[in-house]
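K.L.:
Sequence:
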Amino acid sequence: DHPFIYIQTSDGVRIYEIYSCYRTHDSSSTYTFGLETGTEAFQKYLDETTEQSLYITGIEPDSSDRIVTLSTCTNESDEERFVVHGRLIPR
Numbered sequence: 003d004h005p006f007i008y009i010q011t012s013d014g015v016r017i018y019e020i021y022s023c024y025r026t027h028d029s030s031s032t033y034t035f036g037l038e039t040g041t042e043a044f045q046k047y048l049d050e051t052t053e054q055s056l057y058i059t060g061i062e063p064d065s066s067d068r069i070v071t072l073s074t075c076t077n078e079s080d081e082e083r084f085v086v087h088g089r090l091i092p093r
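In terms of the numbering used here, the sequence shown opens at residue 3 and continues consecutively.
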């Protein structure tokens, strides 16, 4: 129902389209940082996060995209997190 993430910055609003959302207990790959845009490692990360999605969004991010990851706890357990990934829609 809500396919976008809106983030207010000092430069204005950035809009991200959600490509993946899921629950996770294993944060080893979900919370990976520092991957460089355009690399095979970044594309592998995008493919893995897309495959975990609870919904098929039809969005296939590629390694040239800029993404955002949001994470929050759930009511299920102290170890479980709900994660949403979005890719930036260029202005």
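By construction, these hints were calculated from the structure, which means they are not laboratory data. Each residue gets a CB set at the ideal place from its N, CA and C atoms; glycine is no exception. Check the hints yourself; a few may be wrong.
[Claimed, not checked] Straight line, CA to CA, 20 Å or less: simulated SDA-like cross-link-like pairs of lysine to any residue:
hint: 1; residue 1: K46; residue 2: F35
hint: 2; residue 1: K46; residue 2: T32
hint: 3; residue 1: K46; residue 2: I58
hint: 4; residue 1: K46; residue 2: R68
hint: 5; residue 1: K46; residue 2: T34
[Unchecked claim] Derived Cβ-Cβ restraints for the label pairs, each shown as a range:
hint: 6; residue 1: G14; residue 2: N77; range: 18 to 24 Å
hint: 7; residue 1: S79; residue 2: S31; range: 18 to 24 Å
hint: 8; residue 1: E78; residue 2: T39; range: 21 to 27 Å
K.L.:
Work down the list of hints and note, for each, if the structure agrees.
P.N.:
Hints, verified against the model:
| no. | hint | in the structure |
| --- | --- | --- |
| 1 | K46 x F35 | holds (13 Å) |
| 2 | K46 x T32 | holds (12 Å) |
| 3 | K46 x I58 | holds (18 Å) |
| 4 | K46 x R68 | holds (14 Å) |
| 5 | K46 x T34 | holds (11 Å) |
| 6 | G14 x N77: 18 to 24 Å | violated (34 Å) |
| 7 | S79 x S31: 18 to 24 Å | holds (19 Å) |
| 8 | E78 x T39: 21 to 27 Å | violated (34 Å) |
Hint compliance for this structure: hints 6, 8 are not met, and every other hint is.
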